[in-house]
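The listed protein sequences correspond, in order, to chains A and B.
If you read the first sequence in full-length UniProt numbering, its first letter stands for residue 1, the second for the next number, and so on.
If you read the second sequence in full-length UniProt numbering, its first letter stands for residue 1, the second for the next number, and so on.
Please note that a few of the clues may not be correct.
If you want a taste of the chain B side facing chain A, the calculated C-beta under 10 Å gives, among others [as the list claims (entries may be wrong)]:
id : residue
1  : 12
2  : 24
3  : 28
4  : 43
5  : 65
Capping the alpha-carbon separation at 25 Å, the derived lysine-lysine pairs in DSS-like fashion look like this [unchecked claim]:
id : chain 1 : residue 1 : chain 2 : residue 2
6  : A       : 355       : B       : 67
7  : A       : 101       : B       : 67
8  : B       : 50        : A       : 116
Covered stretches of chain A, as calculated for chain B (at least 3 residues, CB under 8 Å) [claimed, not checked]:
id : stretch
9  : 65 to 71
10 : 195 to 204
11 : 271 to 281
12 : 377 to 391
These aren't lab readings, by the way, just hints derived from the structure by calculation.
The model shown is predicted, which means the values in this text are computed figures rather than measured ones.
Heads up, the beta-carbon is just placed ideally off N, CA and C, and yes, glycines get one too.
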Amino acid sequence: MDQTFLAIVFGPCDKCSKNKPLRPVSVKSEQRSYCSLCVEMMATEGLHENETLASLKSEAESLKGKLEEERAKLHDVELHQVAERVEALGQFVMKTRRTLKGHGNKVLCMDWCKDKRRIVSSSQDGKVIVWDSFTTNKEHAVTMPCTWVMACAYAPSGCAIACGGLDNKCSVYPLTFEKNENMAAKKKSVAMHTNYLSACSFTNSDMQILTASGDGTCALWDVESGQLLQSFHGHGADVLCLDLAPSETGNTFVSGGCDKKAMVWDMRSGQCVQSFETHDSDINSVRYYPSGDAFASGSDDATCRLYDLRADREVAIYSKESIIFGASSVDFSLSGRLLFAGYNDYTINVWDVLKGSRVSILFGHENRVSTLRVSPDGTAFCSGSWDHTLRIWA
Amino acid sequence: MSGKTGTTTNNIAQARRTVQQLRIEASIERIKVSKASADLMLYCEEHAKKDPLLMGIPASENPFKDKKTCILL
Chain A
1 MDQTFLAIVF GPCDKCSKNK PLRPVSVKSE QRSYCSLCVE MMATEGLHEN
51 ETLASLKSEA ESLKGKLEEE RAKLHDVELH QVAERVEALG QFVMKTRRTL
101 KGHGNKVLCM DWCKDKRRIV SSSQDGKVIV WDSFTTNKEH AVTMPCTWVM
151 ACAYAPSGCA IACGGLDNKC SVYPLTFEKN ENMAAKKKSV AMHTNYLSAC
201 SFTNSDMQIL TASGDGTCAL WDVESGQLLQ SFHGHGADVL CLDLAPSETG
251 NTFVSGGCDK KAMVWDMRSG QCVQSFETHD SDINSVRYYP SGDAFASGSD
301 DATCRLYDLR ADREVAIYSK ESIIFGASSV DFSLSGRLLF AGYNDYTINV
351 WDVLKGSRVS ILFGHENRVS TLRVSPDGTA FCSGSWDHTL RIWA
Chain B
1 MSGKTGTTTN NIAQARRTVQ QLRIEASIER IKVSKASADL MLYCEEHAKK
51 DPLLMGIPAS ENPFKDKKTC ILL
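Next up, chain B with everything else stripped away, as it sits in the complex (with noise of 0.2 Å):
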């Protein structure tokens, strides 16, 4: 088990960092789903009304919809 051999000193490597970035994300602050959920739920609903494609706006304010010409009947 001599640490001289080349596969296992990038185990080694390999393994620390592994270790390491585990110990950061472990280490993060959570809330809870719950919370997490609701101030979702507030962001789309403080910013629905803004969202042309949630909303629908009318053709004559889309440029991409075509503006129905009127008939003269």
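Pulled out of the complex, with its shape left as it was, chain A reads as follows (with noise of 0.2 Å):
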């Protein structure tokens, strides 16, 4: 499915001339298309008629009133509420299945392959790991210049895989299968951010890749060129994590960040279309629910929450008293019925998404769980952890 990005948002600014990618605004009630930075200077003249910085304070808080309203009016019902019917979930054992053991410090994030078993982790140390997550062989490894090196993701094709940290990069490394395979000499540098590299992941393609950065910023590139396609503004601190919506639902993706919020953004304009603020701390992980209709997220004030998109509200919380750690990051098992949570307490705990209970808690890690996936088919989950291990667990 091929997203044609480069032929709708980017080409000349029809003010500046200048090829960059562009946004629709509206000048004198006439349709233009124009750069980020010629919007930004229209916006910075001067104050228009009737319109004063009070005017549009005010304007702002009777729409935030005008929002709460309206979703307070569709608030009949709790989630757990109309869940009560469906029936509760045994006993759930499950163990670690496998320990991968070879990074030289914490792990900070892991990414699945398509074909259910290879892995690719980086940690603390630089390094990105490949590994069989059957065999718990290394089959790739490459050191990168930077030392925490905060994201990884695997391409879909399994051909290659996306790594930064404190480099402010995102770059490209094709997997290949040569005896003596120098990675890093085919490296390619992709997204360029003015602070750390937070988070990153291909889309339906190897060609693109979504960044999220320290920065603030969220950012789409084109793998080939290198070149910026759209970036998203709104976040009102660094973004930590973000997480695409699945490709029957369209283009759009979720990100959270160290402002508490959590924002859906529309991939081809670049506009933000909804944003929820309910959480009382960063925002380290968010993650779609298998329809599309919701995601979820996880955060440093120790709570996981459900938030429904149409209903474009929080639908559940999943929290409890005697935990107190944040949660670092979170997944849905294949029909979203569980999620699993990792904590900086070490632990993973397992809730019941619909009637918002714990139905397990999962011991095992030495130190905080960093990173959490449920493998493409369903069949396990992998943890990677400060430890310097992943666990996969089924």
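Using the hints, put the two chains back together into the complex; each one sits in its own frame.
Dropping the structure here:
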């Protein structure tokens, strides 16, 4: 499924004529396409008639009030109440089936290959390793020029990986099966941010990458040319995580940040279409529900939450008084009934998404759980930890 | 209250962006939580049988679970 972003959002700006990503803009009631710099300049030109800073602020306040009112009108019931008639889940027995050892320092991120078997992981020690999770063998390894490789992702084809961190970049490495493979030599720098890279993900193809950064923005890049296709501005602080909507639901993604906000973006226009601000602290992880109609978040406020996109509100909180450490990463089981969440207290809690109750607590890691993903066919999930290891659970 | 100082024009730009963003967010169509919840539950129900972590699958089908060896007495 080809997404021709280049044709839609890139071209000569109607104001300055430079070739840049463009945004639709209304100038004196006419439609124009301006680059983001010219949009900014237009916005900073003086006050319009009847407009004062005070009037804008009061309009903002009244709009916020209206939003709350509209959301409240539809809040007729709680999810867990509707879910009372669903059968309760039985006991779960999940154990560590494999332990992947080899990183020299904290594991910060991991991702599954579509073949449901290979895993890429990245660490504070600068190493990025590709593993065969069935045999625990290391298939590829590369050392990055920076420490704290906070993000890594597997390409849909399985033929490349992307990673980055304190180098402020996202680089792509093709994977070969040559005997004396020199991965570092084939490195391609794709994304450039002005602060650390916190998350990255390929879109439906190997051709585009979505990144999130400590510089407060997300961005979409063309891998081949390294060109910026679209940028996403709106977070008031570092963006820590992102997740792409399942392909059937269209071109959106969700991001979470240190501003406690989760924002849903339209990839074509760069526009934020919905935002949610109910967490009390940084949002470390966001993940779409498999149907694409909702997403879960994990936060430093020790809770995970479920937001329904069509109801436009938070519909569940997964928390317990005994859980006081932040949730670092979340993912759903294949049907969306279970939510796996890794915490800074070294545990993994398994939640019943519909009823809101915890169904299991998994021990094993000897330090913070920093990353967690369910395998593409849902047979297992992998967790990475500051204890230098990754574990496969089933 | 002149609009000529740098910070004031920045504030105006910021406030205008905020108002524009809020207008977009306020205008989207929403459904009731009861309907949204019912749909989430329906999805879970429809896909439950194919969810290995939920249903549990036999060791022979899960590449990660160890297959038990037979002991001949």
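Hint check:
no.	hint	result
1	12	6 Å, holds
2	24	7 Å, holds
3	28	6 Å, holds
4	43	5 Å, holds
5	65	6 Å, holds
6	A:355 with B:67	34 Å, violated
7	A:101 with B:67	23 Å, holds
8	B:50 with A:116	16 Å, holds
9	65 to 71	holds (count 4)
10	195 to 204	violated (count 0)
11	271 to 281	holds (count 5)
12	377 to 391	holds (count 5)
In terms of the numbered hints stated before, the structure departs from hints 6, 10, listed from lowest to highest.
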